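J.: Spelled out from the first residue to the last, the chains are:
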Amino acid sequence: MSGKDLRIEFRQKQNRAAVLNLFGTNPNYKVEVGQNEIPTQMKLVLTAGDGEVDFSALKLTKATIEMTAGDLNMNFKDSSIPEQIDIKLTAGDMTLNLPKDIALELEYNKTAGDIKVDNNNLKNGYDTYTYNSGASKKVKINAKVTAGDLKINFK
Amino acid sequence: MLAITATSNSFISVQIKHRSWIRFSNVNTENDKTQTLEVHKSKYSDVEKRELDLQFTAGRFTLADGSDAYFKVEAKYSENFGEP
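Residue numbers (this note's numbering), protein chains in the order written: chain A, -18 to 136; chain B, 220 to 303.
Think of the hints as simulated: they come from the structure by calculation, not from any bench.
As the structure is a computational prediction, the values presented were derived from the model and not from experiment.
Heads up, the beta-carbon is just placed ideally off N, CA and C, and yes, glycines get one too.
Just to be clear, a hint being listed does not mean it is correct.
Keeping only pairs whose Cα atoms sit at most 20 Å apart, straight-line, the calculated EDC-like set for lysine to aspartate or glutamate is [unchecked claim]:
1) B/Lys268 to A/Glu18
2) B/Lys262 to A/Asp(-14)
3) A/Lys40 to A/Asp59
4) B/Lys260 to A/Glu13
Which bits of chain A does chain B cover? Going by a derived footprint, with three or more residues having C-beta under 8 Å, they are [said to hold, decoys possible]:
5) 11 to 22
6) 26 to 34
A partial selection of chain A residues facing chain B, derived with a Cβ cut-off under 8 Å [unchecked claim]:
7) Asp(-14)
8) Leu(-13)
9) Arg(-8)
10) Gln(-7)
11) Ser37
I would like the entire structure built from these sequences, with the hints used as guidance.
T.: Following this line, the structure appears as C-alpha cells:
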C-alpha cells in the first residue's frame, strides 16, 4: 500500500450477552462513503443480520462480498458498477440489482441453493452465464454458492 | 473531524491506515446510544485510492454513497430486540 492509499477496516464486535440476545441488542449502522471520485475497492463480510447497499456515484473498482447468513440487498447504478464482483455465499439471501443496459459475464460454482439471473434458475455445478453481451459496459461476477439464494436482477 | 462510534452492547473496531500509520483502532464507548465516526478529507487530504474492509455480524446496516467524508458511520443501539 502506497502513502496515498487510505484503508479503513470496520469490525463489529459483540460481547457474549449481545450474541445470546440476553439484553435484546439490535444495533443499527448507517454507513456513508463520500468523495465518490476516489477509486475504491470494497470487501464486505456479513455473518448475520440484514444489510442494504446502495451505490449510485461511488467509483467502485472491485467488490468482494462474503456472506454466511442473513439478508443482503445490493443496488449498483451506472457510475458505481465495479469491473469485478466476487461473491462467496454460504447461506442466506443475497440480491444484486444491476442496471438494465449492462453486460454480465458470470462464472459460478453452485453446490446447493439457488442462483437466479433475470429469473433464470441456473443449474448446479460449475458453469458460465452471459447476459446482454453487446452492451458497452460490463461487469464480471465470480460466484461461489454453497447454499442460500443469489438473485441477480436487471432494473 | 474524527469522532468515535460504538455502543455498550455493540462494540466496533475501526482502523484507519494511511501512509503506513494506523491512526485509530478498537473503539469502545460507554453507554451512549448513538454516536458517529467520520473520517474526513481535512485530515487525510492526499488520498488517491481507498480500500474498505467492512464486517457485520448482527443487526442491520445501510451502506451508501453521499457523505463528504471518506467514511462515516452512525451507530445506534436499540434495547428492544426486533426493533431497529
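J.: Taking the hints in turn, state whether each one holds.
T.: Verification of the supplied hints:
Between B/Lys268 and A/Glu18 the CA atoms are separated by roughly 10 Å; this keeps the pair inside 20 Å, and the hint holds. Taken as a hint, the B/Lys262 and A/Asp(-14) pair is honoured in the structure, with Cα atoms around 14 Å apart against an allowance of 20 Å. Among the hinted pairs, A/Lys40 with A/Asp59 is consistent with the structure: their alpha-carbon atoms are about 10 Å apart, no more than 20 Å. Between the alpha carbons of B/Lys260 and A/Glu13 the distance comes to roughly 14 Å, so the proposed pair stays at or under 20 Å and holds.
Under the rule that three or more residues need a Cβ within less than 8 Å of chain B, the assignment of the region 11 to 22 of chain A holds, with 11 such residues. Counting residues of the region 26 to 34 of chain A whose CB falls under 8 Å from any CB of chain B gives 9; the rule of at least 3 is met. Checking A/Asp(-14) against chain B: minimum C-beta separation of about 5 Å stays under 8 Å; hint holds. Because the beta carbon of A/Leu(-13) sits about 4 Å from the nearest beta carbon in chain B, less than 8 Å, this interface hint is met.
For A/Arg(-8), the shortest C-beta to C-beta distance to chain B is roughly 4 Å, which falls under 8 Å, so the interface hint holds. For the restraint placing A/Gln(-7) at the interface with chain B, the shortest Cβ-Cβ distance is roughly 5 Å, inside the 8 Å limit, so the hint holds. For A/Ser37, the shortest C-beta to C-beta distance to chain B is roughly 6 Å, which falls under 8 Å, so the interface hint holds.
Violation of the numbered hints given earlier is absent; every hint is satisfied by the structure.
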